[in-house]
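A.B. asks: In the order they appear, the protein sequences are chains A and B. Residue numbers for the first sequence, in the working numbering: 1 to 601. Residue numbers for the second sequence, in the working numbering: 1 to 601.
None of these hints come from the bench; they were simulated from the model. A couple of the hints might just be wrong.
Since the list can't tell identical chains apart, any single copy or any two copies may satisfy a pair.
Unchecked claim - Below, simulated SDA-like cross-link-like pairs (lysine to any residue); rule was C-alpha separation at most 25 Å, straight line:
1) K371 - R515
2) K505 - A470
3) K142 - T568
4) K505 - E148
5) K505 - T14
6) K251 - R487
7) K351 - D513
Note that the structure is a prediction, hence the values are computed from the model and not measured.
2 protein chains.
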Amino acid sequence: MTEHRITFQPSGRTLNVPAGVTIVEAALRAGIPIEAPCGSGGTCGKCRVRVVSGQTSSVRSACRLSEAERAAGWRLACATIIEEPLVVEIPKSHAQSTQILTSDTGLATTLAPSVHARDIVLPAPSLEDDRADTARLAETLKVSLQIEPGLLPMLATRLRLFNWRIRAVMDRDCLLDVLSADAAPPVLGAAFDLGTTTVVGTLFDLTTGQPRAVASSLNNQIAHGDDVLARIRHARENSEGARQLQAAVLKTLNDILRSLAEQAEVPATAVYSVTLAGNTAMQQLLLGLDSRALGEVPFVPVFDQALDLSASHAGLMVNPFARLRVFPQVGGFVGGDTVSCMLAAEFDQLKAPALLIDIGTNGEIALFTGKEIFCASTAAGPAFEGARISCGMRATSGAIDQITWRDNDLACHTIGNATPAGLCGTALIDATAELLRTGILEDTGRFLDPEEIENQPPALRERLVEDNGAPAFCLADNVLLRQQDIRELQLATAAIRAGVEILLKLANLTPDDLRDVFLAGAFGNLIRPVNAQRIGLLPAVPLDRIRFIGNASSLGAKIALLNRHAQTRTAALCRMSRHIDLGNLPDFQDAFVGAIIFPAE
Amino acid sequence: MTEHRITFQPSGRTLNVPAGVTIVEAALRAGIPIEAPCGSGGTCGKCRVRVVSGQTSSVRSACRLSEAERAAGWRLACATIIEEPLVVEIPKSHAQSTQILTSDTGLATTLAPSVHARDIVLPAPSLEDDRADTARLAETLKVSLQIEPGLLPMLATRLRLFNWRIRAVMDRDCLLDVLSADAAPPVLGAAFDLGTTTVVGTLFDLTTGQPRAVASSLNNQIAHGDDVLARIRHARENSEGARQLQAAVLKTLNDILRSLAEQAEVPATAVYSVTLAGNTAMQQLLLGLDSRALGEVPFVPVFDQALDLSASHAGLMVNPFARLRVFPQVGGFVGGDTVSCMLAAEFDQLKAPALLIDIGTNGEIALFTGKEIFCASTAAGPAFEGARISCGMRATSGAIDQITWRDNDLACHTIGNATPAGLCGTALIDATAELLRTGILEDTGRFLDPEEIENQPPALRERLVEDNGAPAFCLADNVLLRQQDIRELQLATAAIRAGVEILLKLANLTPDDLRDVFLAGAFGNLIRPVNAQRIGLLPAVPLDRIRFIGNASSLGAKIALLNRHAQTRTAALCRMSRHIDLGNLPDFQDAFVGAIIFPAE
């Protein structure tokens, strides 16, 4: 098999890859995920890279690139085959690490972790006390002891080596490991929010409950498509697809684990417990489950109940005896992340109707009716994360993230006070809401023609420009909000709004009945609720009922890590929950079309 | 590293071994265990083999061989180093398969196995029924379902491949495997009695409860010593010792499993459940546990409770999802075999005091006092199995196995009606008891001098001969019962008799109080109780209170395989049991010395 050497700039990372693979695949092997939101279909044009040296050929016409761009070496990474040694430059937009929300509303749970350390001194055996080692342990620990089978061969050795003064690592009543009480290494756990796009991990000391480190990363699976359906399609249509996806997400998780361990200056083997929440597709692909049935009607998941597994068998580079707890799933694409959000929002403690909206690449909605919980997922798409928006970008340096009405004009705030390079999801909502208020944007989502505009401040009127024969609104130099972007936002918002409407209707409730509306998601805390209500993303409830709970999926995973009773609570939440397949309801298309029109003020 | 080719006759098995290993080690690698009861110490002389071609050197003087034998090529396999290519002939006595008692008193248990098959038809998913696969399974099976983690990746595939008509292999509420209901392969289990000397396995159909095959074999560990202390010493004194012992017993078990599968004409992957009972050393060495503490005062085992493990992780060649259940242990060398015997004897159902004696290389005694169970083990040694007896042999073809008083003489019965080649344990007891009755043997164990004999039938008097200046009794041509053999029997019997006396004394009981005396062990059923009582091996109770329960350890393992409630029962038995370390009691040496004298008639 011919191999070629390929070097990625600016990192300088170099590796040999078989001839015939694409640059996206090579980059993935090099640990540099390149976003290909269209699933490497060669259509979105987001994966552009510059070939600095070497000749390439394309698998398909790269219509997204101009002749000048091609001449300058720009190529679509997903459509470009490696046929000789190459040097490829990855643009900053791909390479730079993304600001991902890792904070949340704070952790309100008592410390009672399933995996915990107990320092004990055992009586040494004597003629009068010839109990078996496990009997000695059980009676000192005062539990009905079970033993991790892998520990058994070294149990006797360690007890004697440590002179019977040990730190017992327990998972409830199961002895996972025996450490020296004198050396006293920490016993740690990691909580993961495994998102379709981003993955966040937090390291905790399980003895103190204190966070030790936080790390996040793009999900390496991104090279195989930007939404769950594209990923599942990849697994269905390629014989090695499922394995590639599993390897990609394992690499992501293990990179984060390594970063967490480095930050906390501990070995990765100090991690004895991992909790993980993700949507159905993410959880199943991680575990290598056959997820073909999730890619076709009626979208059947493999499992529903929580899983308690060996973390090392699952492929995580942690202590060989560490446990991995994966959240239970409700049904369809409503998976562990929604359950985790409901745990964080304490849906099991609610008395009055409440709504939870988790905005991500996949949008999930949970409605507590007062008795049960209706859950649905909608394919909101990545618009809220800046993708499929012509000047969209993630919330990284240079992104306009906030747009406010000031001095008779729109004022843009840019992350890092850099030169504006694009706009992220929150700014998209802000701009749309403000433009709806000015009337420049009609409720139908149509920009007015310049001649239709009356009584608007001149600064605003000047921003309305024409771009390729269509209206556009200029937010900054080179940052245009185009008519087509408004259409993308309308589709994304309508998916969630229609879902909320349908669930309310099924439950015979109106928005007025909702005592709480929880907004979760990586960017939830940055959304301005009045603007989200203006575009219809949030129902029209008094503002004081809206509660931002940030990355609630991550928060739920942390609660499960630090409190073993979370397992009972999530099981109860699942029993209360009913999966509603929106696509299967005759009303949904109707509601969706109706929701495309922005609500009247 | 220089290697030499070595061929074993008559099997013709050939392999390369590193220069410098002994013939015993080479034979073990070839899968031909050679008995070395002294633990390859070069002292017992039992491991003799004939070197047909090639020169050898010895690690130590082989005092057990005459000059003529050496000239004819005879060598001690344990003391002979391989330094060039060899052809070695293994005498028939080593190679021939031993008749091991695999029958027992029959199986009195209801069929309610932990591992079982359930044939079900699941409703296929539809728009109206989009439950997860595991929810569908749980609701059809009507259990709170758990899933074997290794099955998860293929669960969805198999359900659909088999068109939702499946045979579910369950371990209680845990789904171990999904098979096609149409192909309907059997679901089998194997019960093992893992003895120090012999291993017996029985294959059962877990759906019908019918036995499908029985197989037995010598424990391959025999090459490393013939009793548990020699094995543990081997593990302690050699860096690879524990691993060698584990590999040897795993090979034994896997050979038996292969034989069972061949007999029943099923694949080994049809075995989903294995139960195993052995003494503490056997169970721990099989599982690769650090058993050094078992080799020194106060003889501490690693574990006491029952273990539930993955059979394939433990090294058994069965279905990858099969379970292995290892019996709980009482303490010291009183291990799973004693618990298994107590289960078979229904010690948990007893109302009145009862005694259990399990005669093997390690003798175990359990005394039910009416409230609790005192358990002890005694190093009876292998005399009852024909070892350490000058003309002793196992109960194989050519062994005298029964000696009766007939026509004023002793009449010998030989297994297979072959020419007598030696005597086995039962004949040793018979001969000793009869000679005590005639008076030719004094209660002290001393043979009378010929001139001291009066009033004896001439045939009997003629049998009393002199051998190397010591008296001996001629049972057949070349089969002598020597004075030293009587001494070995006295020591072995005294160990058990003193143990019984001590336990009775601790419990404040006399033999009269015993309602039942259970005699267990591979050769138990062939012992004549009057003779066993005459030599003091069994206490003097009315004969109708003596119950032979044969290989009760094997029977207990079968009960545990076929009835899941056995696990609760064995746990209860262990709670009732107290380990008595006889060697630690000041009375024991006294009782032992007293028990060396045969009881007065």
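A.B. asks: What are the numbers of the hints the structure violates, in ascending order?
C.D. replies: Hint check: 2, 4, 5 and 6 fail, others pass.
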